[in-house]
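Asks: Sequence:
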Amino acid sequence: PALYSNPQVTFNDTKCHVLYLSAKLINWQVVGVLLAAVLDIVPGFGNHTPSTFFASQQEGLACLFQLEGSAAECDGVWVPVLSFVVAYIIANLSILGVIKVGNAVFAFLCMAVTTPLTMFAFTFPIIMGDNAEDAHWYHFVSLGECAHETSAHDLYYVV
Numbered sequence: 008p009a010l011y012s013n014p015q016v017t018f019n020d021t022k023c024h025v026l027y028l029s030a031k032l033i034n035w036q037v038v039g040v041l042l043a044a045v046l047d048i049v050p051g052f053g054n055h056t057p058s059t060f061f062a063s064q065q066e067g068l069a070c071l072f073q074l075e076g077s078a079a080e081c082d083g084v085w086v087p088v089l090s091f092v093v094a095y096i097i098a099n100l101s102i103l104g105v106i107k108v109g110n111a112v113f114a115f116l117c118m119a120v121t122t123p124l125t126m127f128a129f130t131f132p133i134i135m136g137d138n139a140e141d142a143h144w145y146h147f148v149s150l151g152e153c154a155h156e157t158s159a160h161d162l163y164y165v166v
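Position in the sequence shown (first residue = 1) + 7 = this note's numbering.
Hints were generated in silico from the structure; no laboratory data involved.
Any given hint could turn out to be false.
[What the hints assert, rightly or not] Have a look at the derived ranges for each label pair, beta carbon to beta carbon:
# : residue 1 : residue 2 : range
1 : F113      : P57       : 37 to 47 Å
2 : F91       : A119      : 16 to 26 Å
3 : W35       : D82       : 28 to 38 Å
For every residue, glycine included, the Cβ atom is placed at its ideal position computed from N, Cα and C.
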């Protein structure tokens, strides 16, 4: 019973390298994304039929690897892809570092703050340019929920 009330107790005496843990985390995230991609071909739920889904994936891979017949706008596509991969690895290592140095509660609070702020970042034209999204009511609700959940009472458990 004490283990369920404080799951961090499980990892107190465990020695694990952060890079190894990050690699495991990223592998399971890729598996989750691949499983979720299948939902895109479910009728009434997704936007594609199986044939258009696989044709879209084939076109994207041809663009990414600059295969013959890929579109002209595919030039330089590696820059944003590599930028994302590097930022993603750094973000995962940062989260795991916070858990290792601090604790899981503090890492949860950090992620709870960054998620709504990330949604707001997509609404700023200075960041997104012409692809900026409109701010919706749920952006503000999530930010309010984040402010409520990170009250002083909750921060007491971080220390």
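Asks: In this structure, is the beta-carbon distance linking F113 and P57 contained in 37 to 47 Å?
Replies: holds (44 Å)
Asks: Return holds or violated for the Cβ distance of F91 and A119 against the range 16 to 26 Å.
Replies: Holds - the Cβ-Cβ distance for F91 and A119, about 23 Å, lies within 16 to 26 Å.
Asks: Quick one: are W35 and D82 within 28 to 38 Å, going by C-beta?
Replies: Given a distance of about 33 Å, which is inside 28 to 38 Å, the answer is holds.
When each numbered hint is compared with the structure, no violation occurs for any of them.
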